[in-house]
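Number of protein chains: 2
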Amino acid sequence: MIRAVLFDLDDTIVDTTRLAEMARRNAIENMIRHGLPVDFETAYNELLELIAEYGSNFNRHFDYLLRRLELPNNPKWVASGVIAYHNTKFAYLKSVRGARKVLLELKKDGYILAIITDGDPIKQWEKILRLELDEFFDDVFISDYLGVKKPHPKIFKRALKKLGVKPEEAIMVGDRLYSDIYGAKQVGMRTVWFRYGKYRDRELDYLDYADFTIESLEEVPKIVRGLNNEEKERSDSEVHAD
Amino acid sequence: MIRAVLFDLDDTIVDTTRLAEMARRNAIENMIRHGLPVDFETAYNELLELIAEYGSNFNRHFDYLLRRLELPNNPKWVASGVIAYHNTKFAYLKSVRGARKVLLELKKDGYILAIITDGDPIKQWEKILRLELDEFFDDVFISDYLGVKKPHPKIFKRALKKLGVKPEEAIMVGDRLYSDIYGAKQVGMRTVWFRYGKYRDRELDYLDYADFTIESLEEVPKIVRGLNNEEKERSDSEVHAD
Chain R
1 MIRAVLFDLD
11 DTIVDTTRLA
21 EMARRNAIEN
31 MIRHGLPVDF
41 ETAYNELLEL
51 IAEYGSNFNR
61 HFDYLLRRLE
71 LPNNPKWVAS
81 GVIAYHNTKF
91 AYLKSVRGAR
101 KVLLELKKDG
111 YILAIITDGD
121 PIKQWEKILR
131 LELDEFFDDV
141 FISDYLGVKK
151 PHPKIFKRAL
161 KKLGVKPEEA
171 IMVGDRLYSD
181 IYGAKQVGMR
191 TVWFRYGKYR
201 DRELDYLDYA
211 DFTIESLEEV
221 PKIVRGLNNE
231 EKERSDSEVH
241 AD
Chain G
1 MIRAVLFDLD
11 DTIVDTTRLA
21 EMARRNAIEN
31 MIRHGLPVDF
41 ETAYNELLEL
51 IAEYGSNFNR
61 HFDYLLRRLE
71 LPNNPKWVAS
81 GVIAYHNTKF
91 AYLKSVRGAR
101 KVLLELKKDG
111 YILAIITDGD
121 PIKQWEKILR
131 LELDEFFDDV
141 FISDYLGVKK
151 PHPKIFKRAL
161 KKLGVKPEEA
171 IMVGDRLYSD
181 IYGAKQVGMR
191 TVWFRYGKYR
201 DRELDYLDYA
211 DFTIESLEEV
221 PKIVRGLNNE
231 EKERSDSEVH
241 AD
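For the record, the sequence lines run as chains R and G. Per the UniProt record's numbering: the first sequence ends with 242, consecutive numbering throughout. Per the UniProt record's numbering: the second sequence ends with 242, consecutive numbering throughout.
Because the hints were derived from the structure by calculation, they are not lab data. All values reported here derive from a predicted model rather than from experimental measurement. Among the clues, some could well be false.
Claimed, not checked - Capping the alpha-carbon separation at 30 Å, the derived lysine-lysine pairs in DSBU-like fashion look like this:
| # | chain 1 | residue 1 | chain 2 | residue 2 |
| --- | --- | --- | --- | --- |
| 1 | G | Lys108 | G | Lys76 |
| 2 | G | Lys94 | R | Lys89 |
| 3 | R | Lys76 | G | Lys232 |
| 4 | G | Lys166 | R | Lys76 |
| 5 | G | Lys123 | R | Lys76 |
| 6 | G | Lys108 | G | Lys166 |
| 7 | G | Lys101 | G | Lys89 |
| 8 | R | Lys107 | G | Lys76 |
Whole structure, please, built from the sequences with the hints as guidance.
Here it is, written out as structure tokens:
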């Protein structure tokens, strides 16, 4: 009997990839508008490389970009990038299509809901609070805060313990086959791979750990209901067989 | 003959004190709304103390606030503070009453305009660009970028050199008697103390260095015009006396 549905945050509940791409493009455009003497494609590709190397939570993307482009350190250009990046982030932060509807449906059906995510705890909470999604979730587990990252079993075990459910009573929904699906399966949870965003064709080596693959979040309530009905029928027939 | 008017940024061109107070109040309110178990006055006063001790550019105000209040490190509360702080900052960032009109008037009269400010270069440029004030200024000098802070004569001298004017051809307008007025006077500039914001009754030991004291920015064009007319009359009468 499934009692808890656990979700990853980025590219599962929050439309992160789309947002980050828009924010980065707008940042470069605004830097050029304020005098950055480089064409868009050169600067944008350099920024993507830099982010790939230093990580998306590195907080000096724009001044490092100037270094990479062998330009002088100009705080006006850096500020232009920062402003456009933040404006986009705040204006276009959106939940994934169908996420709110699905959460409401699951909530009404009485399921325990939680988030398990990697990333900077303050930034992750910022997304949840800005989208006013916090009321949907019974708890939020952020790996950087707990000191273990997905797919480490510890983060899943701690979440299940805190929520008071057994692994077989929980299902994990996430966009990453490695951290979400392989991770949850290791501790005995059911798994739904949400094939979405930049990981939709990656980490396919771990596809076997996915019990279900979906292209729309709106499949989740059906899957959970289906699992619970199956189990009910099975136990009914067992009772009947006694 | 005055040819250049130099302005301080915070509480001279940008209404910083008012904005910071609103942003901090809203941050505390939002933290309490998201469960911070402390009354407003306690938390707000603790935050002000912390800012006084660590400086306003310290970037961990809200997690240090939790430490000072002997509360657990809760990223949800920190994020609540950060969100409200940023939202306020972006929504309420305003220029000082009359600033834009004065800049336009001086610009039309052909004066060279510049900013000389302390503070983090990216944050200072962010204010200028968000308010779209950059087109008014021929140059912006930010002490943290140059490595010397007001009232050090070097920053004033560098600005004058870059702008191509002599000290006696320049006038400094600022809200701080120590850093702006005493600083500019040391290198031989004229000075206008703008009595505004949290420094309106402070650093009065340096009052003698102010050639003019104003309560409204709109006095600036009159003062500059007055000085130039005086000088013109003086040189006319000298010519006449020959």
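Evaluation of the provided hints:
1. Simply put, G:Lys108 and G:Lys76 have alpha-carbon atoms about 50 Å apart, too far for the 30 Å limit, and the pair is violated.
2. Only pairs whose Cα atoms come within 30 Å are accepted, and G:Lys94 paired with R:Lys89 is accepted, the gap being roughly 22 Å.
3. With a C-alpha separation of about 38 Å, the suggested pair R:Lys76 and G:Lys232 falls outside the 30 Å cut-off, and the hint is violated.
4. For a cut-off of 30 Å, the pair hint linking G:Lys166 to R:Lys76 stands: about 26 Å separates their Cα positions.
5. For the hint pairing G:Lys123 with R:Lys76, the CA-to-CA distance comes to about 9 Å; that is within 30 Å, so the pair holds.
6. With a C-alpha separation of about 21 Å, the suggested pair G:Lys108 and G:Lys166 falls inside the 30 Å cut-off, and the hint holds.
7. Pair hint G:Lys101 plus G:Lys89 holds up; C-alpha atoms about 23 Å apart against a cutoff of 30 Å.
8. This hinted pair checks out: R:Lys107 and G:Lys76 have alpha carbons roughly 21 Å apart, not beyond 30 Å.
Violated hints for the displayed structure, listed by number in ascending order: 1, 3.
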